[in-house]
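Student: Listed here are the chains, written in short residue letters.
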Amino acid sequence: MDLKELYQEIILDHGKNPRNLRKTENFNKDAKGHNPLCGDNVHIYLKLNENKKVEDISFEGHGCAISMASASIMTDLVKGKEEAEVKEIVNDFLDMIKEKEELQNKILNEDEKTKLMCLSGVKQYPMRVKCATLSWHTLTSAIDDFQKIVNTES
Amino acid sequence: MDLKELYQEIILDHGKNPRNLRKTENFNKDAKGHNPLCGDNVHIYLKLNENKKVEDISFEGHGCAISMASASIMTDLVKGKEEAEVKEIVNDFLDMIKEKEELQNKILNEDEKTKLMCLSGVKQYPMRVKCATLSWHTLTSAIDDFQKIVNTES
Amino acid sequence: MDIDSIKKEFPIFDNKVQNNDLVYLDSANSSQKPRVVIDRIYDFYSKEFSNVGRSVHYLAVAATNLYENTRTSVQRYINAKDKNEIVFTKGATEAINLVANTFGQKYLEEGDEVLLTELEHHSNYVPWHFLRNSKKIKIEFAEINEAGEITIEAIKNKITNKTKIISVTHLSNVTGAILPIKEIVELAHSKNIPVLVDGCQGAPHLKLDMQELDCDFYAISGHKMYGPTGIGVLYAKKKWLDDLPPYQGGGGMINEVKKTGISYGELPNKYEAGTMATAQVIAFNESIKFMEKVGIENIEKHEKELLDYGLDILGKNNSIKIVGNPKNKGGVISFTIEGVHPHDIATILDEDGVAIRAGHHCCQILHEKLKLPATARASFGIYNTKDDIDQLSQSIENCKKIFNI
Amino acid sequence: MDIDSIKKEFPIFDNKVQNNDLVYLDSANSSQKPRVVIDRIYDFYSKEFSNVGRSVHYLAVAATNLYENTRTSVQRYINAKDKNEIVFTKGATEAINLVANTFGQKYLEEGDEVLLTELEHHSNYVPWHFLRNSKKIKIEFAEINEAGEITIEAIKNKITNKTKIISVTHLSNVTGAILPIKEIVELAHSKNIPVLVDGCQGAPHLKLDMQELDCDFYAISGHKMYGPTGIGVLYAKKKWLDDLPPYQGGGGMINEVKKTGISYGELPNKYEAGTMATAQVIAFNESIKFMEKVGIENIEKHEKELLDYGLDILGKNNSIKIVGNPKNKGGVISFTIEGVHPHDIATILDEDGVAIRAGHHCCQILHEKLKLPATARASFGIYNTKDDIDQLSQSIENCKKIFNI
Ligand SMILES: Cc1ncc(COP(=O)(O)O)c(C=O)c1O
Ligand SMILES: Cc1ncc(COP(=O)(O)O)c(C=O)c1O
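Protein chains in written order, with the working numbering: chain W, 1 to 154; chain R, 1 to 154; chain E, 1 to 405; chain L, 1 to 405.
If we strip away everything but chain W, and leave its shape as in the complex, we get (with noise of 0.2 Å):
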């Protein structure tokens, strides 16, 4: 295992200093996360537009550098795609981190993946995986409006 590839700079950067965390004004659709091992929590915010589009989204929670810097990544990557590619980014990264090698998507562009990839770093370390999949499975919730509390213990 390597610390380096866990720490890279660009996470060490989004932890530290996350991109999209506030609240999005008017939102319209919106979910909590919680990791109970650790009590990380996080709630995202979304505002969809009349065509499904992501018009914005933020997020507001606690947690350590990878989480943190997970969800800034998220936020940052899915704003501005519609709902369903949304979905699809969510279902690869999460596939990504659980067994596959690479990201299979074709909407994100290559700088843009490169830059997902960074958490995979994770992989090497089965409980941080939780630490890195709250936001994303908390996103789901919200598009889905679930209204049941993530919870990634499980």
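These aren't lab readings, by the way, just hints derived from the structure by calculation. Backbone N, C-alpha and C define an ideal beta-carbon position, used for all residues, glycine too. It cannot be assumed that every hint is accurate.
[To be verified] To give a feel for the contact side, a few chain W residues facing chain E, derived at Cβ under 8 Å: (1) Pro36; (2) Pro126; (3) Met127; (4) Arg128; (5) Thr140.
[Said to hold, decoys possible] Have a look at the derived ranges for each label pair, beta carbon to beta carbon: (6) W:His62 - L:Glu109: 50 to 58 Å; (7) L:Val36 - R:Ala84: 45 to 53 Å; (8) W:Gln124 - E:Lys239: 32 to 40 Å; (9) L:Glu292 - E:Asn398: 30 to 38 Å; (10) W:Glu99 - E:Asp242: 20 to 28 Å; (11) R:Glu5 - L:Lys16: 55 to 63 Å; (12) E:Lys8 - W:His62: 56 to 64 Å; (13) L:Glu183 - W:Leu21: 40 to 48 Å; (14) L:Glu153 - R:Glu101: 33 to 41 Å; (15) E:Arg76 - L:Ser134: 47 to 55 Å.
Fit chains R, E and L with the ligands to the supplied structure of chain W, relying on the hints for placement.
Tutor: The following block gives chains R, E and L with the ligands in isolation, referenced to the frame of chain W:
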């Protein structure tokens, strides 16, 4: 260990043909004993006369050769004794089974003691000690008018 | 199947017990452990020990993975649909208490009925008895027939519109009767009644398929499956685990905890409060794998052969009365000898190294019904041989001699 | 005391963890096991295995005696008055659930209050929360002071004439605060209120004397006392065990079982339903004997030295904030580093073989009060050395470097 010591002729005899296996008419004291481990049951009936002498003693119940023989020999030996003497014999027997080499009481004669010592073989079989002592504990309860059912598992 | 080489995998048989070879015929009580299980515990404590699920350091991560691997193995072994339908408990007794308590809390009311059978072990009666006291429910017992079996009719006879749950053993630890679980479940489900199966004697000896059996709950003890003590499994359909309240409260089973309220964790955490029996769960994986390696079909076949052999030999002995004569029977022979109390039998057999059990086997209801205060019981495991049964038979002769029969 | 030779008795330290020596600072979570304990389990399964209490054959008798010997050892170790005041459970969590459930059933009614503290582990809150739901009781929390302690005044402040039981930790697994149990018990008893002590962190680190403490209940986890997983102890005064209803139902805890009713067994059987964690109980005797051999005074002294050394070294580091500053403190240092989340600290330390725990340590109430979502925690056991703390300190520096602090 030696099975022959445990299953002596006298034990087998008392086990198969227990003395006093009946119910005393007009008993004035009684108690039930139960071993939840194996389901052995005994019910002791006692008739003390006005001088607190054991006018009659009997028992009902079922159990292994050891427990039946023990009840049989016990009832034989305490008949005609005074309440205080009975208690002394009971305690002496229980002490002997527990730890003492010999019986200490001066109430029983040598023949009677020899008979009682036939039960000492059980000391080498810790799980069977309860079989040998159930009726004795129950006799104590009867004398003390304990309403609680005696239970030798603990 | 080569029993001799299987037997060699159980270190206990390398040692003499009071100068005798051990003839262990008490597996229905608890089975012996193969080397792989014992070694796994040793290695885990020696090289890998950590608590699971709570720390992020290397040993904790590794232990957590091992722990969850056992869940996957159990799921595979009993063919459960979902990994999270496997809850670890300290034993079958706790598993049944868990269901009785949580189902009782939520669904049982005064006058409701719980249907058991006369074959049940105390562990599948006392937990329901608690509800008789606290909730004023009734307990009904399906009756055995002459053969010591529970037929589907016996169950049907006792179902009323008040019956809220049926809880039955898979295989009687006294008569050996194997219950028609699939039929019972079908019948029960046709009336919307859930079924709990006490699988203590089923899991070590019968091929299991939860999706085919379709029961709602199935309780297992690890120590009867060549596994460690202190570990059991509750299989429950996911819908029940989602629906029922938690059983014990503590660390690990919560989601969010505030002074004013608590939300509970998701499956499987909801039912695993506090530090679990980590080492035992991890080693239990080896029991499952051991049984898979031997093959449950082979185990069934071998034990059936032993049973037939044993019934034949003991059946020829006129002094012996065998308790129950079920058509569908597992490797358990309970018997009495006229004139010798079962405890005396057990003590005398023990002198030859033959370990059997005597008493009511935690089935007082059955023994009362049979009008027998106690029975002697020989029960089989994968390591038993026909020689063991010959020795049993011979020691019984010795017993008769001592008692002049 | 020669720590090096004591450390050699723990096989785990013979192995590298990811090429590093293991610096195990997670003993408050679970302790490592000495060879005597591991060997005892191995030998028991290999040569002596049998279920206890139920069969009369040789192995069963021997196992039963070994099992009961542990009860005697625990009695001696905690100086309980009576052997039957020792009940074996699967862990402290179960022990607390047992008391909450049975005491709650019998004595708690709507509006009654249970008094806990803000330091409590979830295992000493959730079981009481169940009663808040089922019985409409109230739960009060004695508040911590600035130092992260619970004073006798904090308890006094929250006692009302509705307080029916007080349940408090002996030693906080986060701030390390040692509570004034004796004073709390005296105060409580003067108002006829029983006291349960969550002794999870007390038993492994402090000299115990039940007759002197005089508490009504004391809960212990074996796995934090250098013992196996899956074994715990509930100490309870005999009067309570006689008085309270049973907790789980099953084999072994009954007296007589009939279709119409059941009478329960006497102590200690009443609270030990089903097949217990036999091997674990038997091996736990070795943990007790191991601790007796080292000497609890020596353990206390050694851990105090480590604590002072650790507080000194970490205290000098300006980036580190230590959580709580109790006067009377056990071997636990919880801390935060400004700018690095505890989970990141734990992962980075782990890379050097330093095992600590990060999170809320099952104490969300406390963390909410402290306004800290999570903390990092180093906790000590008998095998830790000052070198371990030096390594901790050095790895923290590495952590700061990665995060550019
Ligand atoms: C103070 C305290 N109480 C209770 C517990 C729960 O103990 P267990 O998980 O062993 O049941 C722990 C340990 O996790 C603890 O530290
Ligand atoms: C049929 C049956 N049910 C329940 C039990 C109880 O299992 P345990 O004691 O392992 O909890 C047993 C074994 O003793 C059994 O044979």
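Student: How about W:Met127: closest beta carbon in chain E under 8 Å, or not?
Tutor: Holds, because the Cβ-Cβ distance from W:Met127 to chain E comes to roughly 4 Å (cut-off 8 Å).
Student: Measuring from beta carbon to beta carbon, are L:Glu183 and W:Leu21 in 40 to 48 Å?
Tutor: 47 Å, holds
Student: Hey, does the W:Pro126 contact hint survive, CB to chain E under 8 Å?
Tutor: Hint holds; W:Pro126 Cβ to chain E Cβ min 5 Å, cut 8 Å.
Student: Do L:Glu153 and R:Glu101 keep their Cβ atoms within the hinted range of 33 to 41 Å?
Tutor: Given range 33 to 41 Å: violated, Cβ gap about 60 Å.
Student: For the restraint on W:Pro36, tell me whether the closest CB of chain E is nearer than 8 Å.
Tutor: 5 Å, holds
Student: Note whether the CB distance of E:Lys8 and W:His62 lies within 56 to 64 Å or breaks it.
Tutor: Taking Cβ atoms as reference, E:Lys8 and W:His62 lie about 58 Å apart, which means the hint holds.
Student: Check the following: the C-beta atoms of R:Glu5 and L:Lys16 are separated by a distance inside 55 to 63 Å.
Tutor: With a Cβ separation near 58 Å, R:Glu5 and L:Lys16 satisfy 55 to 63 Å, so the hint holds.
Student: Within 30 to 38 Å or not, the Cβ separation of L:Glu292 and E:Asn398?
Tutor: Once the Cβ atoms are compared, 45 Å apart, the range 30 to 38 Å for E:Asn398 and L:Glu292 is violated.
Student: If you check the beta carbons of W:His62 and L:Glu109, does the distance land in 50 to 58 Å?
Tutor: About 40 Å separates the Cβ atoms of W:His62 and L:Glu109, which means 50 to 58 Å is violated.
Student: Using the C-beta atoms of W:Gln124 and E:Lys239, is the stated range 32 to 40 Å upheld?
Tutor: For W:Gln124 and E:Lys239 the Cβ distance comes to about 36 Å; the hint holds.
Student: Hint validation: W:Arg128 versus chain E, beta carbon distance must be below 8 Å. Holds or violated?
Tutor: 7 Å, holds
Student: Given the range 20 to 28 Å, decide if the beta-carbon distance of W:Glu99 to E:Asp242 lies inside it.
Tutor: 27 Å, holds
In the structure shown, a violation is registered for the earlier hints numbered 5, 6, 9, 14, 15, in ascending order.
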